[in-house]
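Chemist: Take a look at the letters that make up each chain.
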Amino acid sequence: MNIVLEAKHINKYFKKPVKFHVLKDISFQIKKGEFASIMGKSGCGKSTLLYILSTMDTDYDGELYLNNELITGQDRTHLSYLRNKHIGFVFQFHYLLSEFSVLENVMLPAKKLAEKTNQEIENDAMQKLKILNIEHLAKKRASQVSGGEKQRVAIARALINNPSIIMGDEPTGNLDSYNAENVFNIFKQLSDEQGLSLLVVTHDKDFANKTDRIIQMGDGRIIG
Amino acid sequence: MTNWSIILGIAKTHLLTKIKQTSIAALGVTFGIGSYITLVCFMTGLNTMLDDLILNQTPHVHIYNEIEPAKQQPVSLYDDLNNSFNVIHSIKPKLSQKKIHNAIPIIHYLENNDNVRGALPQVKTQIFYIAGSIEIGGNLTGINAIDEAKYFNMGDYIIEGSAEALQNTDNGILLGIGIAKKMALKIGDRVQVSPINGGIFPLKIVGFYQSGIADLDAIQSFTNIKTVQRILGEANNYITDINVKLFDIEKAVPLARTIEQQFNLKAIDIKTANAQFETGTTIRNLITYAVSITLLIVAGFGIYNILNMLIYEKMNDIAILKATGFSGNDVQLIFMSQAMIIGFVGGVLGLLIGFGLASLIETIPFQTEALPTVETYPINMNPLYFVIGFSFTMLSTFFAGYLPSKKAKKIDPVKIIRGQ
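Sequences listed follow chains A and B, in order. The opening residue of the first sequence carries number 1 in my numbering; numbering runs sequentially from there. The opening residue of the second sequence carries number 1 in my numbering; numbering runs sequentially from there.
To be clear, the hints were calculated from the coordinates, so they are not data collected in a lab. Hints should not be assumed to be uniformly reliable.
To be verified - Computed cross-link-like contacts, DSSO-like style, restricted to lysine-lysine with a CA-CA straight-line distance of at most 27 Å:
id, chain 1, residue 1, chain 2, residue 2
1, A, 140, B, 18
2, B, 99, B, 71
3, A, 8, B, 415
4, B, 406, A, 85
5, A, 41, B, 415
6, B, 12, A, 85
7, B, 410, A, 16
8, A, 85, B, 407
9, A, 16, B, 415
10, A, 85, B, 410
11, B, 20, A, 140
12, A, 85, B, 415
13, B, 18, A, 139
14, B, 406, A, 15
15, B, 406, A, 16
16, B, 245, B, 271
17, B, 410, A, 15
18, A, 139, B, 12
19, A, 16, B, 407
20, B, 415, A, 19
To be verified - One side of the interface only, derived from the structure: several residues of chain B facing chain A at Cβ under 10 Å:
id, residue
21, 6
22, 9
23, 10
24, 14
25, 16
26, 17
27, 316
28, 321
29, 325
30, 326
31, 327
32, 328
33, 330
34, 412
35, 414
36, 418
Stated by the list, open to error - Restraint-style ranges between C-beta atoms, simulated for each label pair:
id, chain 1, residue 1, chain 2, residue 2, range
37, B, 309, A, 65, 37 to 47 Å
38, A, 221, B, 313, 32 to 42 Å
39, A, 13, B, 309, 27 to 37 Å
40, A, 16, B, 294, 34 to 44 Å
Fair warning: this is a prediction, and the values are worked out from it, not measured in the lab. All C-beta atoms, glycine included, are put in the ideal place defined by N, C-alpha and C.
Chain B extracted, bound-state conformation:
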């Protein structure tokens, strides 16, 4: 039988008469939780940005025809040499076609898979950009510009012009910014490209592409699939790569394996392609959480300290409460509720401050060559962090209050009263 109104009444009076101490304890929590929210939003925002930098452009599964030596050499087919020790020197890769055999039916097949968001064909080839007498080597990739923008955020990396412009312009080209600078080209100009097997094709510049990776921007350009096929003199089923985007990135590994077995193609999943990148992300997250938890623990100790002092000051009050019929549990609840009130008020203020600071950071300009789409510092305002932060506050204030209040519960009133 606990009488909450009176216990909370006493707790409130204690807190309000010691408003300075109460505020300091609450501020400890506020700063702890405020900096936790700010830090975690900012850090995960940066993390997400860095992840996106790589992951947005990277297909979850990349399917192509790898040039590699045949795994089975003719000698192993010969039964007579079955049990002997065969040594083969100077194995050469097998001559195989660059194009994916039956690429269009494979794309249809993949698009019918429930896990697949999109499967996009690409045609990759080496070309030369021709400027007067100078030939600059480079890559030209034929794409479906609109789909690339939809699934791989291509639009973020087009700094002038648009994906639609490329899609709608026959013989259009989206030129890497590095090449454009080297050759002093602007939108509407024409650039001549020459495939390895000869011929010169003038293409109209409809936009510039900047990935943020300078080496890539100095060689890479995009055009429509049909344009590349025409340059290469191939049929319209000539597809060299298929990029697959999934709904769930975790499914990439098994899908890549299935595709390799089923179609006898090379399929690289994103985890294999970016293994070192994931490690970086994990470690950054680890640091974020280590710092946040430290902040919250420090705030918890602040509460512990203040409550401990409060209980020493209130020894007489505790004795008198017990003498007039309050049980040890009542006294414990009085001090527990003080801790929880401090935690709650401090926590809510901290969430607000964290929200404010994070919002402020989000408005600070942050411009960098490497990230054309980013204009301000990135913030990841995930409600989950607010929930975690608040729960942790309540938990740590509970423990910070529990130990001192346990002591208050055990105080022997006779000792205090007689000791006077």
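Pulled out of the complex, with its shape left as it was, chain A reads as follows:
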């Protein structure tokens, strides 16, 4: 099976206020089509790990491979490009650009990638919204839709460039159980039907138990 994301001996230190070893020799792989979750107590370093994997945090030791390409040490502009093309991101606090319409929010990463015409991007975006059952919101301002809907818009945005992997930082953490269930089902569906790889950091045991694989973290190490 193809490996989408691979971490080799990742170590990370926080230097302020005192030197602190956050991540200790983390190594693991995510295969294509795998739906993995990272669990662990608060402060065990799971979000820190996720941001390293997302290429946004470059201050670490060790090696990181995306689609078998070494991305450690690449310059920031290239990392931005990789993030744009290969990684979709869903955050706990939905993080939409509130002044733009839902459709524009979804289209933005694709416009940045600029591989397709605006018309094609708009069709793609409508299609993604349709998959998530929110196409009726397309013309609304992002600030005018509800929390659960915002999270679905964020997922649609994460999907727009057909990324290799979707990462989520507690994507259901801020949602009620109904919407959380809904978001999980969407992830599951994407994983099963489209063979998308997913890596989700979560506190929610029920959520984690339903994923293909749980990476349990404790005290900066992978413990299971």
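Put chain B on the given structure of chain A with help from the hints.
Modeler: Relative to the frame of chain A, chain B by itself:
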């Protein structure tokens, strides 16, 4: 590889959703540039008017025969006293003629010079204006009225009558307004003048002259060269002064020096004659520019302030843009283009407002005894000021946008997202 359409799209959305802040920032620029244009047009207009007041009437080079003591005294010609210490008391000026020797060939020579616009002969003399038993001292200058009007704007200072009338009337006189008032004369009346060496000549008043300098207007009158020559009983090659107008005022100093050496005459250039005047002009210009630059800098700080606030408000947006694949440069360009758009719109509006205000000032009546030709406040609407103002706006908005946008570029998305 920069995708301008999307960057400008985001910048536009940011600006339009915060239309109030955007307008305030743009208005800051508008007022800055508007007042710059108004101020600079008005100030330079006034400056030009004041300059013209003096410079228009002043020849660039004034050539005449100066009465002065001879530089070489006879004793220095005497070889035996060559090495001794000579003291000469009570040196008297040399008796020399007032007229310029060979004046007409000199005028022809000057007119053939490429730098010279015109060289005009004048005959100056002292006379008395006679009113009954009263004699009033004064100056009478013989001129070529049409040429004087052409080169020295004589026409601007003739408040009644015209240069042509003087030129065409034999025994006509253009009387200083001060004398006319003293003697209660009007156009068509006759005034009697008497030269120092005697005789009385009646002259017909064809117009009044007002320079704006009251002392001058109380003594000065003009007539034709031929008329003065006749009054003085001199031949028609009797010329006391030559006034030279140049194309380029900067050439006045070297030309004056050449003339002095070549013809053994006194030649005064305009810079020497009006040195203190130039200093005044320079200082007024300096003040204008100091005030204008202050205005533009204040406008620049307005933009800086608003963009800084905007970036604090948009921290989350910046983080999300970076997380979804926008590079630091893209983010910087987004904020830079916002600054430039504010600067451009504000600048263009400012130019229009400046133009409007300047045009308005130009219509306000401004009448003063000293300036007979000025009816409204003077405005110098030089396109160069608009170009300078606009360039400075774009430059200052560039710097005002550069610093905050640099900060936006450096924002670490992880910190923002995790800090939530």
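Chemist: Tell me, which hint numbers fail for this structure?
Modeler: Nothing - there is no hint that the structure violates, so all of them hold.
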